[in-house]
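Colleague: Sequence lines, in order, name chains H and P.
Counting in our numbering, the first sequence runs from 1 upward without gaps.
Counting in our numbering, the second sequence runs from 1 upward without gaps.
By construction, these hints were calculated from the structure, which means they are not laboratory data.
Treat the numbers as computed from the prediction; the structure is a model and nothing was measured.
This list has only true hints and no planted wrong ones.
Some chain P residues near chain H, calculated using beta-carbon distances under 8 Å:
hint, residue
1, Phe72
2, Phe73
3, Ala172
4, Leu193
5, Val200
Built from N, CA and C at the ideal position, the CB exists for glycine as well.
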Amino acid sequence: MIHDLSLLVENWPLLLIGLRATLSLAAVTLLASTVFGVLLGTLATVRARPVRWLVAFYVETFRDIPLIVTIFTIFFGAPFLGVPLQPFPAVALGLSLWGAANGAEIVRGGIQSIPKGQIEAATALGLHAWKIYLLVLWPQALRVLLPAFTGLLALIVQSTSLGALVGVTEFLKAGGLIIERSTVMQGINPAFAIYGFILLVYFSICSVLTALSRRLERRLATQGGARAVHAPDPSSV
Amino acid sequence: MEFDLDYLVQQLPALRAGLLLTMQVSAIAILLSVVVGLLGASARVLRLPLLSPLIAAYVEFIRNTPLLVQLFFIFFGLPSFGLTLSLFWSGVLALTLWAGAFQVENVRGGLAAVSPGLGEAARALGLTRWQYLRLVGLPLAVRSGLPAMLNTGVSLVKNSAYVSAIGLQDLAGVAFDRIASDFRAFEMLAVLLVGYLALVLSLSAAVRLLEHRLQAPFRR
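Chain H extracted, bound-state conformation:
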């Protein structure tokens, strides 16, 4: 116990490096998921069928393939295509492709939650399709999908732990390094305490995000208007 605590204190800098990598991976992924999620989610609501099919194909593919397989495919496949990727960008790319698919589902739900009558009214007023999106649909959709994106961020933070498997020194990997070092140099295996500590840190980050997501959802419900889009269920992504 004392040994475990002193290990945590001694290796604080390494843990901080790991935490920073975890958070930057999450930030990059959130950004890409939002941008491409809005783009793809919007395309999923346009009139042209082939476009909707293509988006649906993309979304289904990246939601059905295990994320770990996507990340390994990119990391190990890229060199064969002549563009070797460092671990960090490879993981960021894999997470973003997956995150964009989930973001697209959220955005599609948000846009479709807006009553059809508004689109008809806007059309009757002579607004162009893109103006309908810009002035009518997006502003309202953004409001209802904020809780869902907060929930998605909690999932993204959890998923960044996969980076450990291809050599990104994120939070989980940092913990693994500490365990290895202590086992080899001091003959004491602190895996229980270190992984337990790592679980607790992930828990505090993600439960704050989950609670925030629930609160935003409740607030929208009391404000009336369109209902919030549900956050993606961790067991369905």
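Once you've looked at the hints, dock chain P against the given chain H.
Modeller: Same frame as chain H, but now just chain P:
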């Protein structure tokens, strides 16, 4: 580098063994997680002292921590606590605990959808709360919660690929090993994409079929 079909054929036995292991781990974990879900949801609904808040905490904890870290904690952490499990059972335990938390919520959702009149009728007939759950509540809850429960099962199959991270030779484990030893990425990645897509899509097709069947009494 090109796609080498002969190489792929050569690796088929190993890949088949991996696929079988994936299906084994998933099947056991799905069954166990449903048991966890039924028991957990019952304890929550009966508001059993001590147990009910514990299960609520368990569900929150699983929801808000990465499955990979849970797996590492079980496989690498528990032995230093004196509890050593084989690779296989570590994987099964991690997946069961993970999916079990979601099954608790799925069954609870199903129970909430059972009309309150049935509970009142059961009480009027003198059934105890346990009897109500066992004879009325849970059967109906499973029926209405089944799609959600099976969706969690589909996710479990997908996430079973995580067990390759502790060295289990499931479908993903075999393929990743071959990539590392033979530098044959294309063939193996193709197998992985096709293999998991086939597993997930056929399971979700089964879900939809079942959903359709369960709706039969309510359809004209």
